[in-house]
Amino acid sequence: MRVRGLIILVLATAITAMQPAAMGQAQGPTDPQIVGIVLAANQIDIDAGKAAVAQAHDPQVKAFAQQMITDHSALQHSVMELGAKLHVTPEASATADSLKSDAAKTAAHLRDMSGAAYDKAYIDNEVAYHQAVIDAVTKVLIPNAKNVELKDALNGAAPAFVGHLEHAKRIQSSLH
Amino acid sequence: MTRVVLHDLMLSLLLPAGLWSGSFGAAGGVREPAAGLASQSHVTIANFQFQPTSLTVHAGDTVVWENKDIVPHSVTDSRNAFDSGPIAPGSSWSLKTTAAGTYQYVCTLHPNMQATLIVK
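Residue numbers (our numbering), protein chains in the order written: chain A, 1 to 176; chain B, 1 to 120.
If a hint is listed, it holds; no wrong ones were tucked in.
Pairwise CB distance ranges, derived in the manner of DEER restraints:
(1) Thr56/B <-> Ala51/A: 42 to 48 Å
(2) Gly85/B <-> Lys146/A: 37 to 43 Å
(3) Ala92/A <-> Asp83/B: 40 to 46 Å
Simulated from the structure, these hints should not be mistaken for laboratory data. Glycine included, each C-beta is placed from N, C-alpha and C at the ideal position.
Use the sequences and the hints to build the structure in full.
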């Protein structure tokens, strides 16, 4: 119970970091910062997926985790390619740093869990995380992206995040 | 017979080499279109969506799903009338329709991706 409370606390912090108010610095993130944030967000879910493939108990949770690795790796690759094409070098930002730091804390707490409790915590995390990413992409990253191709790529990626959220919610309801 | 040969010739010209394909419907399959010359319709898979989300064709027509996305997707009927299996990015899968009906299909890898194929 204490562990679950800690995960929720860490997750809440991570989600707060992704919220428009927290991300929307005075002038909003620059294109290099946006690329850096997207790369960080993708990598977080790839790493979470790798841990879940090894640690999850339920076959559908394992399959979902593998899907997250596949999809976010592909997204990661396309973001890197686009960044290179547009000569946009990813830049660090407080938001990206906060995401990485909070994800590390969440991963540390998930490591101590097992069985059905782990499955539920992982999927709960995925639901909340994807919702936060969708909010950030649609309310902060897309409106602030200056480069048209970057903006289009973010618009194109949004349905993937929505799909992942819906998929995670289906599994979440079947686990409860 | 001429029409069958012509139809096959059209398919061989229109379908890229290595195209995944399948068929479903009446046992034994029907190679001749029910009426008129069979045509080919396309569904694009991009940005984790099927476009169009609803397509109406005539029995005997061929439908080609083109995966223009960056990840694999499948075209799977909810009642198991057809299943493409994973379609790799940049690849296509075709289906020669034979039985009239309304087919709700999904991508099993991304269950929120849903669309309808109506065969008349």
